[in-house]
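Use the sequences and the hints to build the structure in full.
Basically my numbering = 1-based index in the sequence shown + 206.
Derived DEER-like restraints, expressed as beta-carbon distance ranges:
#: 1; residue 1: I318; residue 2: P256; range: 21 to 29 Å
#: 2; residue 1: K438; residue 2: P256; range: 44 to 52 Å
#: 3; residue 1: I325; residue 2: H254; range: 20 to 28 Å
In case anyone wonders, no lab produced these hints; they're calculated from the structure. In this text the structure is predicted, and so the values were computed from the model without any measurement. From the three backbone atoms N, C-alpha and C, an ideal C-beta is built for every residue, glycine too.
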Amino acid sequence: MKQIFSVLNNDLKLIFRDKILLIMFLFPLLIIALCREGVPYLTEFVPHIPNYYWIIVVGFTSVSASTPAFLFGFIILDERDENIHNILRILPLPQSFILKSRILFIVFLGFIFSLIILIFNGLVRYGFWETIALSVLFSFIPPVLTFAITAFARNKIEAATMYKGSSLVLFLPIIAFFVDETWKYFFGIIPFFWTFEAVYFTGNPLKFMLSFVVSFVFHFVVSFMLYRIYCKKIV
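Here it is as structure tokens:
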């Protein structure tokens with residue numbers, strides 16, 4: 207446990223040196239302020255917006271949960287550029303220890319960021335267990351994006367581009383809820399769709415649980431596949 211904290215402490219020092227990266231830790235608070243003040247103000251001019259409050263909250267929560275992927279994706283790419291990852295291999299630790307510690311931490315951050323927004327957004331409310339379950343699903347976004355970025359990006363410029371592109375993918379499932387039911391599940395090839403689906407079915411225990419299980423398994427499988435690609439890239 208002490209070794210995990212040592213790894214994460216060093217990573218956080220790197221993050222806190224960069225004011226831009228540090229701001230990302232404040233992102234959930236900015237989202238909450240926008241939900242509580244900005245969206246209600248907009249509702250005065252667009253009366254139908256309350257029907258889509260849940261989509262607004264889910265979209266914002268997805269983006270907020272994804273920010274740890276950007277933070278740690280850059281750290282990993284920095285280490286690759288400077289060949290630090292080769293030096294880390296000689297440490298008296300299992301080869302994947304540092305990576306797994308980071309992944310656990312970004313899952314934890316994704317969970318906390320999501321939990322804060324789901325509780326304090328001021329637009330929609332969910333039950334206690336639904337909030338916990340949804341936060342768990344949102345917490346799987348960072349590892350998927352982290353492995354996608356680090357597996358395919360060759361440098362930080364490409365990583366930034368990929369992060370922007372993946373952020374758009376986070377919003378793609380929204381379209382599914384504005385098309386005919388026949389076409390809706392074509393978006394099911396996107397892991398994040400099933401998290402949106404779980405939110406949509408809050409209040410319906412059976413469908414909610416089914417969507418939760420599919421989302422959980424899908425995210426895990428995609429994360430594992432990307433992890434294997436990443437490992438092959440750095441060998």
